[in-house]
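Residue strings, one per chain:
2 protein chains.
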Amino acid sequence: MTYERPNITRLTPYTPGEQPAGTPTDRSQPPIIKLNTNENPYPPAQPVLDAIRNVSPDALRRYPPPTASAFRQAAADAHNLTPDHIIATNGGDELLRLAITVYCEPRGTYNNTDSPPVGWDKRSASHQSQSPTPGAGIGITDPTYSLYEVLAAIHNTPITRMPLNDDFSIPDDYPDRLNAANARLALIVNPHAPSGRLQPINQLADFAQRFNGILLIDEAYTDFAESNALELLDPARNLTNVLLLRTLSKGYSLAGLRFGYGLAHPTIITTLNKAKDSYNTDALAQAAAVAALQSRDHAAKTWQAVTAERTRLTDRLTDLGHRVHPSQSNFLLTTPTTNAKTLYQNLKAANILVRYFDHPRLTDKLRITVGTPDENNQLLNALEKLQ
Amino acid sequence: MTYERPNITRLTPYTPGEQPAGTPTDRSQPPIIKLNTNENPYPPAQPVLDAIRNVSPDALRRYPPPTASAFRQAAADAHNLTPDHIIATNGGDELLRLAITVYCEPRGTYNNTDSPPVGWDKRSASHQSQSPTPGAGIGITDPTYSLYEVLAAIHNTPITRMPLNDDFSIPDDYPDRLNAANARLALIVNPHAPSGRLQPINQLADFAQRFNGILLIDEAYTDFAESNALELLDPARNLTNVLLLRTLSKGYSLAGLRFGYGLAHPTIITTLNKAKDSYNTDALAQAAAVAALQSRDHAAKTWQAVTAERTRLTDRLTDLGHRVHPSQSNFLLTTPTTNAKTLYQNLKAANILVRYFDHPRLTDKLRITVGTPDENNQLLNALEKLQ
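Listed in order, the protein sequences are those of chains R and V. Just so you know, our numbering puts the end of the first sequence at 387, numbered straight through with nothing missing. Just so you know, our numbering puts the end of the second sequence at 387, numbered straight through with nothing missing.
Bound-form chain R, shown alone:
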């Protein structure tokens, strides 16, 4: 017997990048060069480790502050906002799920075994479960971060896809198309994944003005870019439909901590707070996250190191004949001279993990996380031999 909703039965879950079990210091495993999940190659700041090691038994024993008040104050200080502009989440992923939960209507299909509600038309129910319902759902670009579609499918909300231009820029009529489809939430990852392209902030501001729903700008990689969309929250702009996603996973070397946050007009934050799990972030992560934001100088040095290596890696890959998309992120989308999938497999056999996407427009490309100079050199040496 199947108990779950039909959309869950149909669902293809998100596939995270491979996480080999061994650590770099695990001598029982061959050393793996891990350039597949966009982690920061440098460790987090010492005060972050200290905050974790100094946690009190009482902080573990008791429920954590439900809205992470100390963190929200630290984030407010960092971004020159007030804490009511900020929500802390269990990784950026939770913020994405919350936004979909709060703003997007599910289709409301019923199991075949369920009694239909009064007034329910079988023909229309069948129509709804088979084809996308117009309106009420999310808008995404194509390609984009593949989790967005999975989260929409779990919620069973319609998806409107906007093909990006050849250079991965966003067509100017995107908000018009979203409005025509009656989308309630648009998700734009900026810098773009998997290309690394930075969409112009003025274009995003224009989109926010013209779009009738909430514009979520996923700034997971913003620390490696030359600009961000924070200015859209300037009160003078009066944009009450902009939600920025930030995470400590990449910029602050804390992917293992699961800590993200949202920045938006307080009306948005209040709404998201109503739907979050009551204690969504734990005491350790809150303490570490405060220390991370207060150690921004340490993190900024890692951003400089990564962006310098990004330039060098772009040049060297170009020397090897690759077409490399200009990136403002901590990864490169590159078109090698040989079959991308084969090259991915050969690199993996040589203990170098990069990311291959079996997705239209991406099958001839690899996404490579920028590593340390040594890791990048090992990748380049392997590529010289393999391609």
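In case anyone wonders, no lab produced these hints; they're calculated from the structure. Ideal Cβ placement from N, Cα and C applies to all residues, glycine included. One should not assume that every hint holds.
[Unchecked claim] Below, simulated EDC-like cross-link-like pairs (lysine to aspartate or glutamate); rule was C-alpha separation at most 16 Å, straight line:
1) R/341 x R/358
2) V/274 x R/358
3) R/274 x V/226
4) V/341 x V/364
5) V/301 x V/226
6) R/341 x R/364
[What the hints assert, rightly or not] Output of the computed footprint for chain V on chain R, the stretches with three or more beta carbons under 8 Å from beta carbons of chain V:
7) 53-65
8) 84-98
Could you slot chain V onto chain R? The hints should help.
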């Protein structure tokens, strides 16, 4: 302009128990006796603290194991099951939300401003948004853990409420009523909150046999009870619709860590895994949770201390004229001789926090967490003066 779904606009969010900012060692605050949120009064085991303090920078820098494989093995060892019977979650709350997401259909109302889908009948849409849709939702007892209703309201799924008997036992026709309402998921907290009553395991087994949906038994407080429902997962019973919720928050003194887990037939675990956030538990919490399960003996001593104090507190409250419900949990539901709300407020003024529920059948009662002997003595002394 309102962007969110109407059910979110209407939502009254969950109210966590008060969490005073000061810690017991914070001398700038008056000492607070905190008996309001059912935390364990004793600290977690030393190996848990060691696991946290020994975390490597690399474990923080990298994404955590997505399904908490080491923890699932430790839980499998602890419960004599295989890891495919186990899902780790960000507190028990996440497991509740996942189960509702996966098994219950939302009503699928649409904003008034949205274009209705093809074939959509306005009259039926209006009906759906106003009154509960028959079927497809959750079944709960009344009273129960108040979060259940909030999670159902966020998902916008129908709720079937079953009033408990006067002694907080569950009427035997509960599964029949759930089936008649076509509920897909029944939530039973056992030991019951807020009464502390342990429902007989045989009755739960019978319910699972007769109920057409998933029976989630929330065993958040099971460590303080004389029996639990683990035997329902015995393969010989062939129950593929039972999901047990466990948490480290109470029994293992780790409410600040946010770590819970589900135990069920592998078909249920596979389904829940499809809908969870991709990295739902963090590296620190996973390491601490493994250490906690492996330090069960330490935790068991705290359970003994709490249950001994539960007996003493029950006796002393009875001496003071209270009617105390027999409890198999780490809290007591008690009917004082004076107005409960006034007594709650007077205790709070004396820096003693207990829980008062403004809910039918509970307005003359207080829920008191069992504390240390010293905390309980201070409570008893205050009650002698105040009531």
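Take the C-alpha atoms of residue 341 of chain V and residue 364 of chain V, compute the straight-line distance between them, and say whether it is at most 16 Å. It holds: about 7 Å lies between the C-alpha atoms, which stays within 16 Å.
For a C-alpha distance cap of 16 Å, please report whether residue 341 of chain R and residue 364 of chain R respect it. 7 Å, holds
Keeping to a limit of 16 Å between CA atoms, is the pair of residue 274 of chain V and residue 358 of chain R held or broken? 20 Å, violated
Residue 341 of chain R and residue 358 of chain R were given as a pair; does the straight-line alpha-carbon distance stay at or below 16 Å? 9 Å, holds
Check the hint pairing residue 274 of chain R with residue 226 of chain V against an upper bound of 16 Å on the C-alpha distance. With Cα atoms ~36 Å apart, residue 274 of chain R and residue 226 of chain V exceed 16 Å; violated.
State whether the coverage of the region 53-65 of chain R by chain V holds or is violated, taking the criterion as 3 or more residues with Cβ-Cβ distances under 8 Å. With 12 residues closer than 8 Å to chain V, the region 53-65 of chain R meets the three-residue bar; holds.
Given coverage of the region 84-98 of chain R by chain V, checked by CB-CB distance under 8 Å (3 or more): holds (count 5)
Taken at face value, is the distance from the CA of residue 226 of chain V to the CA of residue 301 of chain V at most 16 Å? At roughly 14 Å apart (the allowed maximum being 16 Å), residue 226 of chain V and residue 301 of chain V satisfy the hint.
Checked against the numbered hints given earlier, this structure breaks hints 2 and 3; the rest are met.
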